[in-house]
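Order-wise, the sequence lines are chains V and R. Under the numbering used here, residues 1 to 264 are what the first sequence spells out, in order. Under the numbering used here, residues 1 to 264 are what the second sequence spells out, in order.
The set of hints was computed from the structure by calculation and includes no laboratory data. Computed from a predicted model, the values in this text were never measured in an experiment. All clues given are correct.
Far from chain V, by Cβ distances over 12 Å, these chain R residues were calculated:
1. Glu18
2. Leu22
3. Pro237
4. Glu256
Okay, the calculated bits of chain V under chain R, using three or more residues with CB under 8 Å as the criterion:
5. 85-97
6. 198-207
Backbone N, C-alpha and C fix where the C-beta goes; we use that ideal spot for every residue, glycine too.
2 protein chains.
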Amino acid sequence: MTVPFPAELAVARQAAAEAAALISGGGVPELVREKARADLVTEVDEAAERLIIARIRRHFPSDGIIAEESASRLEMQGRTWIIDPLDGTANFVHGHPFACVSVALVDEEGPAVGVVHAPFLGEVYHGVRGGGAFLNERPLKVSEVASGPAGLYATGFPFKEGKGDPELYFRLVAEVVGRSHGVRRAGSAALDCAYVAAGRVDAYFEIGVSPWDVAAGLLLVTEAGGRVTGWPGDTQPPLRSGRVLASNGRVHAWLEELVGRAGV
Amino acid sequence: MTVPFPAELAVARQAAAEAAALISGGGVPELVREKARADLVTEVDEAAERLIIARIRRHFPSDGIIAEESASRLEMQGRTWIIDPLDGTANFVHGHPFACVSVALVDEEGPAVGVVHAPFLGEVYHGVRGGGAFLNERPLKVSEVASGPAGLYATGFPFKEGKGDPELYFRLVAEVVGRSHGVRRAGSAALDCAYVAAGRVDAYFEIGVSPWDVAAGLLLVTEAGGRVTGWPGDTQPPLRSGRVLASNGRVHAWLEELVGRAGV
Chain V
1 MTVPFPAELA
11 VARQAAAEAA
21 ALISGGGVPE
31 LVREKARADL
41 VTEVDEAAER
51 LIIARIRRHF
61 PSDGIIAEES
71 ASRLEMQGRT
81 WIIDPLDGTA
91 NFVHGHPFAC
101 VSVALVDEEG
111 PAVGVVHAPF
121 LGEVYHGVRG
131 GGAFLNERPL
141 KVSEVASGPA
151 GLYATGFPFK
161 EGKGDPELYF
171 RLVAEVVGRS
181 HGVRRAGSAA
191 LDCAYVAAGR
201 VDAYFEIGVS
211 PWDVAAGLLL
221 VTEAGGRVTG
231 WPGDTQPPLR
241 SGRVLASNGR
251 VHAWLEELVG
261 RAGV
Chain R
1 MTVPFPAELA
11 VARQAAAEAA
21 ALISGGGVPE
31 LVREKARADL
41 VTEVDEAAER
51 LIIARIRRHF
61 PSDGIIAEES
71 ASRLEMQGRT
81 WIIDPLDGTA
91 NFVHGHPFAC
101 VSVALVDEEG
111 PAVGVVHAPF
121 LGEVYHGVRG
131 GGAFLNERPL
141 KVSEVASGPA
151 GLYATGFPFK
161 EGKGDPELYF
171 RLVAEVVGRS
181 HGVRRAGSAA
191 LDCAYVAAGR
201 VDAYFEIGVS
211 PWDVAAGLLL
221 VTEAGGRVTG
231 WPGDTQPPLR
241 SGRVLASNGR
251 VHAWLEELVG
261 RAGV
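Let the sequences and hints guide you as you build the complete structure.
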């Protein structure tokens, strides 16, 4: 069987690898400015983004590009590359190894190619629609945990002004913690999704997520046999609403119910 | 300069390495019983503990031993080894790589030797009182982050019956998240301490911690130049109270104030 999107996958992997090398080569960088609280931006972040964009434009000049640092429009029409040159920026700034480059190609049918490259963990994830998901070339499969209470979960903490209600959200987190094997907060949405795909956690839930945080990661989840939806009642898909449930499929309904009741 | 406790360090490292090999050799194990919610115990956990205890008894037959799975008494009189054969058990059971073996020797002056061996991360931390802390032989130093709001924090979620008030605790976590670069929840207290020692997070706070969770990790923090205390107002030291603040020293007072106000 031929893998779909071979040229796109090759470019995505190469661009992510170059950006990862740039990010991991210079040690912990200086801050250049603060956007808002934990939303830090570093010089290296912006340089990595320029590098990825340049490579994509060279190979696919007519594709659209949405990237975190230069995001001007959130149009996803036709083929669009969605780039986070450094997901887990706060971790990176502190020398915490949970940080990665995320590169995805989305078309009319949704995510088509996704690469999550975590240089400090030595892990490169990639997925292609219809072609499977892989960690360092090893095929990935979501976990087989069948009941919500037997699950381990990943989440992010919404911390930006105007994005959700922290108190309600932490009540939900406490609820999931109290009813399950636990909740992990690693600080990188892209890697949280990759962990679901790898079967290391059974589901990931978050709100206030930007498309570049999860476009690649969500493809890994579906290609590893998992399920991706918005939150209960949402009318928009998760890449637009920023409200994500990504699971092994089996614990999805359980988590949906808890999340729905939380009123977040 | 000669390193203090050379024989004890060698035995601790060897025992931890053997236990780590046992733990990482068999893939994800079956559960044998559930203690309470996320507090899972696996066969491999108990086998690893027997292995460590046997090695310590062979070399230091008159020392006391406190170990998680066979803990009968919490007497820390004279020289006592404090062992967690598998910290981060819930992670381990789910195939999440944040799990480790923790071996410490405590004497009248406190922790003397500490080893935290994380086989799935390829990281072995060790520390000796007066001899420094190391990650894979590289000397460790806590971070230089000087202000609380510029810090990244690690915590655990207290989940056992009767240990703290989850609602109050999550209010505290939300407060720290809202005022800082963020809070991480990795699921292994020993590794959280090791991350403070490595400068990857700026402080770790938790309640309801058992001595075997942190005896080795807290030595890593102090030997890397950090500071370890109980929570404000505590009359017992953290290894007895299970209430731990471990920081780079610089953000300690800021965190103490937030934690003190929380009333947890």
